[in-house]
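4 protein chains.
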Amino acid sequence: MNKVSEKYEYLCRNMNILLNIQSGMEDQGEMIKAGIIGATGYAGQELVRLLLQHREAEIVWYGSRSYVDKAFSSVFGNVFEIVEDVCRSDDLQELAGEADVIFTATPQGYLAGVLTKEILEQCRVIDLSADYRIKDVAVYEQWYKIHHESPALIEKAVYGLCEINREKIRGARLIANPGCYPTCSTLAIYPLAKAGVIDMDTLIIDAKSGTSGAGRGAKTANLYCEVNENIKAYGVASHRHTPEIEEQLSYACGRPVTLNFTPHLIPMNRGILITAYAKCSAGVTAEQLRRLYQEAYGEEYFVRVLEPDVCPETKWVEGSNFVDVNVIYDERTGRAIMMGAMDNITKGAAGQAVQNMNLMFGLDEREGLRLVPMVP
Amino acid sequence: MNKVSEKYEYLCRNMNILLNIQSGMEDQGEMIKAGIIGATGYAGQELVRLLLQHREAEIVWYGSRSYVDKAFSSVFGNVFEIVEDVCRSDDLQELAGEADVIFTATPQGYLAGVLTKEILEQCRVIDLSADYRIKDVAVYEQWYKIHHESPALIEKAVYGLCEINREKIRGARLIANPGCYPTCSTLAIYPLAKAGVIDMDTLIIDAKSGTSGAGRGAKTANLYCEVNENIKAYGVASHRHTPEIEEQLSYACGRPVTLNFTPHLIPMNRGILITAYAKCSAGVTAEQLRRLYQEAYGEEYFVRVLEPDVCPETKWVEGSNFVDVNVIYDERTGRAIMMGAMDNITKGAAGQAVQNMNLMFGLDEREGLRLVPMVP
Amino acid sequence: MNKVSEKYEYLCRNMNILLNIQSGMEDQGEMIKAGIIGATGYAGQELVRLLLQHREAEIVWYGSRSYVDKAFSSVFGNVFEIVEDVCRSDDLQELAGEADVIFTATPQGYLAGVLTKEILEQCRVIDLSADYRIKDVAVYEQWYKIHHESPALIEKAVYGLCEINREKIRGARLIANPGCYPTCSTLAIYPLAKAGVIDMDTLIIDAKSGTSGAGRGAKTANLYCEVNENIKAYGVASHRHTPEIEEQLSYACGRPVTLNFTPHLIPMNRGILITAYAKCSAGVTAEQLRRLYQEAYGEEYFVRVLEPDVCPETKWVEGSNFVDVNVIYDERTGRAIMMGAMDNITKGAAGQAVQNMNLMFGLDEREGLRLVPMVP
Amino acid sequence: MNKVSEKYEYLCRNMNILLNIQSGMEDQGEMIKAGIIGATGYAGQELVRLLLQHREAEIVWYGSRSYVDKAFSSVFGNVFEIVEDVCRSDDLQELAGEADVIFTATPQGYLAGVLTKEILEQCRVIDLSADYRIKDVAVYEQWYKIHHESPALIEKAVYGLCEINREKIRGARLIANPGCYPTCSTLAIYPLAKAGVIDMDTLIIDAKSGTSGAGRGAKTANLYCEVNENIKAYGVASHRHTPEIEEQLSYACGRPVTLNFTPHLIPMNRGILITAYAKCSAGVTAEQLRRLYQEAYGEEYFVRVLEPDVCPETKWVEGSNFVDVNVIYDERTGRAIMMGAMDNITKGAAGQAVQNMNLMFGLDEREGLRLVPMVP
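Chains as they are written, first to last, in this note's numbering: chain A, 1 to 376; chain B, 377 to 752; chain C, 753 to 1128; chain D, 1129 to 1504.
Hints in this document: simulated from the structure, not taken from any laboratory. Some hints could be false.
[Said to hold, decoys possible] Only pairs whose alpha carbons sit at most 35 Å apart, straight line, appear in this in silico DSBU-like list of lysine-lysine:
hint	chain 1	residue 1	chain 2	residue 2
1	C	K887	D	K1407
2	D	K1273	C	K1031
3	B	K511	A	K279
4	C	K1031	D	K1322
5	A	K70	C	K971
6	B	K511	B	K544
7	A	K279	B	K570
8	C	K946	D	K1407
9	A	K70	C	K897
10	A	K219	C	K897
11	C	K822	A	K145
12	B	K655	A	K194
13	C	K971	A	K219
14	B	K521	B	K570
15	D	K1407	C	K1031
16	A	K219	C	K822
17	B	K446	B	K595
18	D	K1161	B	K595
19	A	K145	B	K655
20	B	K595	D	K1198
21	D	K1347	B	K409
22	C	K971	A	K145
23	B	K655	A	K279
24	D	K1347	B	K521
25	B	K521	D	K1198
26	D	K1407	C	K897
27	D	K1273	B	K595
28	B	K595	D	K1347
29	B	K521	A	K279
30	A	K219	C	K785
31	D	K1263	C	K1031
32	A	K279	A	K168
33	D	K1347	B	K446
34	B	K655	A	K135
35	C	K971	A	K33
36	D	K1273	B	K446
[What the hints assert, rightly or not] Some chain D residues near chain B, calculated using beta-carbon distances under 7 Å:
hint	residue
37	S1340
38	N1350
39	L1351
40	Y1352
Yeah, the Cβ is synthetic: ideal placement off N, Cα and C, and Gly gets one too.
Take these sequences, add in the hints, and give me the full structure.
Okay, structure coming up:
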């Protein structure tokens, strides 16, 4: 739980790099070559922000079908004079020849339609879409109303929730990077689901997300004046992240889970907050619940178990890869109220993707992700 | 449910006024004299906005301890050149001699400390604080951590949820104007609680409120930079509106109710959204649930049962006295998801107070409240 | 400047209506029939909100090319159960046969392409676009990059800035409803321009607008996440409202005016703030400047000259037809700083359009517009 | 202007550190010990964020009078599990014995009351307040309405606008860290003022700031509901940053400057936008103006001269130390419109303070500040 002496570790890391350089290795050759397809969406450009601050990766391909041949920095002025590349196509085949790892931040169904075994042999793929997250292709097709074009690859994919699947991720060629809601929901509920102290049939997840989660597409419903000074639920009893959460939690508790998941659109750019409710087993105590979180996450850098009674706030994790979690036990009702806060485009998308890349390439999991959350 | 021909009704109403004038009655004498204590809080100034647009009431006392002798319009510039009065004290006794009705938008415990039977004989009182909302004084004292100084008056108070207690309100001298969360929660859940089709032991209310609900006090936690781009739960398992909601719903279903209520602070000025969950009785259908809402609210002007699958949005009720409700039945889990949206300082405070005044004085319940919600 | 005794005037007005009714006149026949083309834009739907609260007009046509045959309230949920009409086409010819007045809240160039003398003989037209605002068609075509298809009608149009052109408006068949920036800019600067106490060659207008001014079109630049937590200038030295402001101020001061106008996009829904700067003539005093505003607007209901040193805030006029203005004289630089705040879709568009309608039909100018600004 | 090959430089830098370590130097001993007084204000906590990501400095003192003995991370949850220190007093004397550099983010007048020559001999001081910014103490006292208690130290202070005073800063013991508005204003106008191509007597600065600029004090005017959906000017013709800007620009153009400066409060957390206007000398061209900016800032890492006609946006610099500037020449009026965007608490306060520290300690000026701005 203690996270000090970062600087010493940095130095050790640097020393290794230096020794490599001194021993004649080409530095440039050592950098991980990363390609991004969908670089001009919100998750894509966050990948850019994070990889630019990563010391062992470089971006070799800014793919964006809508902006081909336009300077990336003319779309995202924040990297003016930092990124000088122009946007390129979404040609996965060509990109596979140039990159060590490909990030796909693309619409549902796109990757499933173009990915092949051959590409996976050439380079690693981290998919930020939902195409390979759900093991049962029938469930995927039912919830997403899309025909899956490469079901045979699903079994090759590892669900990239790092804190849960760390070891499998290290060896993977294809990562199904988790959805934003599933990441925060699963991590907030996991310790109690795993320990069997809550009745999974009573589980309800009420989620709230900033508007970047709705993507950068030009839709009337996402205009400033439609979102600002407003709040609403959407996708009630039908949101496509539901089966993904159910699948992950079923692994935790060892049996199928059916739950309610209700997302809400919040007038803010970034951030997801999860409030989950479940009935506790008889005899459970607040201390016991708390201990389960500490045991689950004591060694985890990116999951912070807050002090008793402190409620997570999205502001405290903004721009970082942290997930803040906590649990409150309500004696009156016998329910646990589980809470989690996270930046939906960092840990909920691009940050976790980089964390996966770090694991896959044998780097310190935190490289490029030790960003202090920004306040206010 | 049909709400047309408003204009004709206006004319009839006007005709009555006119005939009164023609028959020699003093017009000015007919106006209801209203006094406000706590006029410079958010609920108080909303009372001012609404009463200024009310054709049969006038404000005779702008009480505000913090701004005594200052022009009210120097505090709230929106009424510059509309209100020329200066703020006066919170002397209830003196005010009772000048007003037909007193609105108290004051801190918890204030009114209980100064209200007397004599005052209630002189004039009517509509209390926007919680002092007389809970019938069991022990429950009040436990949740509010305040000693109640006039418990004998509690039984005289009518809980001013107009759609439920309309007839009692007409005859009341003291109204306990409902809390914002309890208004929206109770109205969103009432039809199913009343009909006995949900298991009240499974009821969970996840609530979201704009920041005006936190009041106008100068607290660091409510500064712009602390609230903006942020969301958090607060008062988890301990919020003081919990027993108020439980009491009202227990009247609906005929037995004690214990539930979870979790409020969240949202970066917007106005609006409350309620998302409530409960297990349905076996055999319940979506159509049946919907019909219960239509039966409960078909005749209600201020409660709008939305079209199937339409989720309430706070923007659609902003600045108005409407409560938009809807229910979705999730077949997978057998739960009803009940939703309600409302403006927390209109129907959730000042609007409902005016609605109560209208009932108490025999006016059209909608007088001064037929405001079209403002978009965007 | 005194605006009391509103209620008495209401009664007088009502008495007239009543006498008309008593004398056998059809009430329904007396209502002004209003048609709206472009009813589902932000200005169009604000017209709906205002006309619904207007006692002498009714909407007979909700024109919206994008939503033909859809219920208007399915687009704008705020009027659910209030408006039961479906959207109709933009057929001006057909509409002219049904309406007494047509409001066009349409893209630039649309009305100029379809309006005819014959239509204007059938009914009055209030155009919220810029097509007839600028008298010199060459200037219009240069700034708007559009060929004007009915230049002969320009001279028939009256520029509908009510406080300046009141008498001409009463007799007009075609109103060029002013732009939002020009309304606020002209009214904020007019008294000093008219009095000849500022050097018009030094005039600079720095303007800030809420995002509803950018319209309801689905553009990436107007998405919530692009506007929120951001501010930028746009249209610098090239914004199309520049010649409109210059033309109006040239009428005020009696000679051609060339000025700088710089608009900025602000993360809020509604509101325009103008900060204008000009060098004063020698010998000018702060008191003299103030007096000029009071003389110009003392009798105006909708223009409020604030107390000395009070800076206008858009919040104080939100949802209303008020324009708050003030001037500060900086002795150090000899400049007047002129300020104005207004709701861009009320007084800046729909509110002023209704004010124009009231004048054209001989009604009290304030009918339907006596809305108290909403706080917070 | 080209800013590539960052990573190579990082490695060189790391190599030096490594060689130092290899040669037996204590690493920990090499770290700059930094103390912060006022660590729980918005600028103070931003210093914490930046210094935590700085590889050659460590924070040894989190001073905060209001939170003494409380865990810093209990006030700013973003650094939970990152900072384990508790807040300490504002005892400058004691702190001077522990730190190499002291940052004071304190109210006006505080530092002037406690700073001594002796403290300055012990350690360096970077003052984020205004106490030592203005050379003429009479001007300071007139605008700030404060008696300056250590005027003798003013001459020792170097005005820490790094891009202008870089060399002087390197040798300074006391830095007057510039105000937020003055930093952005001066950098946006400097090239034209220096080149003598604008008439300084016509200079007008219209500024817009996010609300963090108003500080973290619990004032009603800065509550969420007062700021949100609102915009206003404040301090018109009287804001205390005026003389600071005038002084700096007078150095640039070589003679006294008197100008108008008007700040506005914007509903966003971070960001300052400057729009400045001045009459150009006859014969000036747009290309010439542009070239002056490029010459002035071509070598500057933190000042980015945008592409022609691109207007700066605060979002593009959020969380970073960049200042984006541009100029547009309006041929119609002969004026230059100069624009600048900056994060008010990074480059406008804490970022520039760290940049100053880097210069004073002989480090790469960009150390700890190469943060990519965060979007959205």
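*With a cut-off of 35 Å on the C-alpha distance, tell me whether K595 of chain B and K1347 of chain D pass.*
Roughly 7 Å between the alpha carbons, so the hint for K595 of chain B and K1347 of chain D holds.
*Is it true that the CA of K655 of chain B sits at most 35 Å from the CA of K279 of chain A?*
holds (13 Å)
*Hey, K595 of chain B versus K1198 of chain D, does the alpha-carbon distance stay inside 35 Å?*
Roughly 19 Å separates the two Cα atoms, so the pair holds.
*For the pair we were handed, K145 of chain A and K655 of chain B, check the Cα-Cα distance against 35 Å.*
Measuring from Cα to Cα gives roughly 28 Å; hence the hint holds.
_Hint check: K1263 of chain D vs K1031 of chain C, CA-CA at most 35 Å. Holds or violated?_
With a Cα-Cα distance of about 29 Å, the restraint between K1263 of chain D and K1031 of chain C holds, given a limit of 35 Å.
*Distance restraint between K219 of chain A and K822 of chain C, which requires alpha-carbon spacing of 35 Å or less*: holds (19 Å)
*Proposed proximity, K1407 of chain D with K887 of chain C (alpha carbon, max 35 Å)*: Between K887 of chain C and K1407 of chain D the Cα gap is close to 29 Å, so the pair holds against 35 Å.
*Interface hint status, N1350 of chain D versus chain B (Cβ within 7 Å)*: Interface hint status for N1350 of chain D: holds (5 Å vs cutoff 7 Å).
_Against the 35 Å threshold, does the CA-CA distance of K219 of chain A and K897 of chain C hold or violate the hint?_
holds (27 Å)
*Below or equal to 35 Å on CA atoms is what counts here, so check K1407 of chain D against K1031 of chain C.*
holds (13 Å)
_Checking one constraint from the list: CA of K446 of chain B to CA of K595 of chain B, max 35 Å. Satisfied?_
Holds, at roughly 23 Å.
*asked:* Can you confirm whether the C-alpha distance between K971 of chain C and K145 of chain A stays at or below 35 Å?
replied: holds (27 Å)
In the structure shown, no violation is registered for any of the earlier numbered hints.
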